[in-house]
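Below, each chain spelled out in residue letters.
2 protein chains.
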Amino acid sequence: MTYSELSELIVRKQSYLCVGLDTDLQKLPHHLLTEPDPVFTFNKAIIDATADLAVAYKPNIAFYEAQGPRGWESLQKTLDYIPVDCFTIADAKRGDIGNTSGLYARTFFNPTAAGLNFDSVTVAPYMGADSVTPFLEYAGKWVILLALTSNSGSADFQRQAVGEQELYQVVIETAKRWAGPDRLMFVVGATQADELSRIREIAPDHFLLVPGVGAQGGSLADVSRHGLTAHGGLLVNASRSILYASNGLDFAEQARAEAKALQTEMAKYLNS
Amino acid sequence: MTYSELSELIVRKQSYLCVGLDTDLQKLPHHLLTEPDPVFTFNKAIIDATADLAVAYKPNIAFYEAQGPRGWESLQKTLDYIPVDCFTIADAKRGDIGNTSGLYARTFFNPTAAGLNFDSVTVAPYMGADSVTPFLEYAGKWVILLALTSNSGSADFQRQAVGEQELYQVVIETAKRWAGPDRLMFVVGATQADELSRIREIAPDHFLLVPGVGAQGGSLADVSRHGLTAHGGLLVNASRSILYASNGLDFAEQARAEAKALQTEMAKYLNS
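Protein chains in written order, with the numbering used here: chain A, 22 to 293; chain B, 22 to 293.
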């Protein structure tokens, strides 16, 4: 999906909602546990209930990997089921030396490898240029680079002073040399809304993937005020608050209600 | 495996060699490709040929993940086959917010999850304390934290000046507060041997996992001179130079010859 296609999708759906498919077998409604593949059955119902409200889906790979080979099968089926008018994100936070990052890129971008064909993957910046650029060798695919994350540990290194800047700003400035806003996004936690204005100064056109609304306590209003651009420029992720809105028979209906509430609020910000 | 068990193993085997099982289907000897699981058949032969010379094995997870579910099965079988007197490292470079890192820890450390029971996992530090500490909740298991990596991109962020130090030094100093040398190692590339003396000043007792000897050009002599301690303190990894010493019928024999040459050199440094 291109930059302009994603922007148009946001306008059409009046939404910049990303649904995080962090599907935890231990939190699923009990009536699904007798299904042959409970994780896929659950994801399918969540996707059916939210596909008109969301512009993106983001499975966090840890949740699938923790189930071993059958987790990867659930992931393949889930990805295949996501409608083509939704942007897909492998939230994998990978990064290794060049030839190894090339294999991770192959895993998530080349369907003949591991059966996966995501639009984008999240990448950790610590190992620098040659750990990131192999992901950019796939035409039309995106890198979403960790910049300023939503967790408390983000203070440990990301906010260390490097000259006049903080490390996460150096990461953004440096990565801008590797790809333009048409191939590169940044992860910025919703709990870091105060920093969004500074980030928009150095990355005015890049999409930002913003987790941390919902269970982690970030404010959609604050994120939208500081982060929205003329092209949208935001993908705001919610996972637990949507997936586990109910653990009864009505889980999909309640998930839709949560997603609808976020989308309605987003429509308001898009038009103000 | 405990710190003292690992130290004793190094003395007994007269080796601090780690064999990196970066098994690439595209580089395997042709005669193995008709096997039901060529990756496992290859690994089994490499392990048989090197188990008396190596103290550790390190599968890089990217190589298995890129094969999808069957790659995870090859990984499970390989890990089960590694003798109990060898330390095992999941080279995964994972790291996410706390609850998600907990799932990655479960993947590699809890055999009831993904069928894997590694002694240790490599972790990326960028997301800070709560992305690393979930891996430390498993008694007897180790975190091997990226500090100063072997690739050219290590200059981009790891060597940025943070106050009087470089970022990688801040990472080491900070992580020392999370666990002692009995649970925490650091990754330092063999191509960074000049920095090893400085690292030994701030981490005199920690084991260092040192990739980059062999195909990447690092010197075993330099690494050993600056990195060895009274307790060993080093695991030096070689992957491609051992695995692909030959791609003929004699691949295991040639792999052993490469491993033997490294072990012989290591015995000399251990006794000098």
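The hints are simulated quantities; they were obtained by calculation from the structure and are not laboratory data. In this text, all values refer to a predicted model and were calculated from it rather than measured experimentally. Check before you lean on any hint, since a few could be wrong.
Same chains, same label: a pair holds when it works inside one copy or across any pair of copies.
Within a straight-line C-alpha distance of at most 20 Å, the following computed SDA-like cross-link-like pairs (lysine to any residue) qualify [to be verified]:
(1) 281 to 30
(2) 98 to 57
(3) 197 to 173
(4) 34 to 98
(5) 48 to 133
(6) 34 to 282
(7) 48 to 131
(8) 197 to 180
Cross-check of the supplied hints:
Taking CA atoms no more than 20 Å apart as the test, residue 281 paired with residue 30 passes inside one copy only; the shortest distance there is 16 Å, against 59 Å between copies. Proximity of residue 98 to residue 57 under the C-alpha cut-off of 20 Å is restricted to the intra-copy arrangement: shortest distance 13 Å within a copy versus 25 Å between copies. When the C-alpha separation of residue 197 and residue 173 is checked against a cutoff of 20 Å, the pair qualifies only between copies, where the shortest distance is 18 Å, while the shortest distance within a copy is 26 Å. Proximity of residue 34 and residue 98 under a CA criterion of 20 Å is satisfied in neither setting, with 25 Å inside one chain copy and 47 Å between copies.
Within a single copy, residue 48 and residue 133 get their C-alpha atoms only as close as 32 Å, which misses the 20 Å cut-off; across copies the closest is 17 Å, which meets it. Only within a single protomer do residue 34 and residue 282 lie at most 20 Å apart by alpha-carbon distance; the minimum there is 14 Å, versus 63 Å between protomers. With identical chains, the CA atoms of residue 48 and residue 131 are at most 20 Å apart between copies only, with a shortest distance of 19 Å across copies and 31 Å within one. Taking the shortest Cα distances, residue 197 and residue 180 sit within 20 Å of each other both inside one copy (19 Å) and across copies (19 Å).
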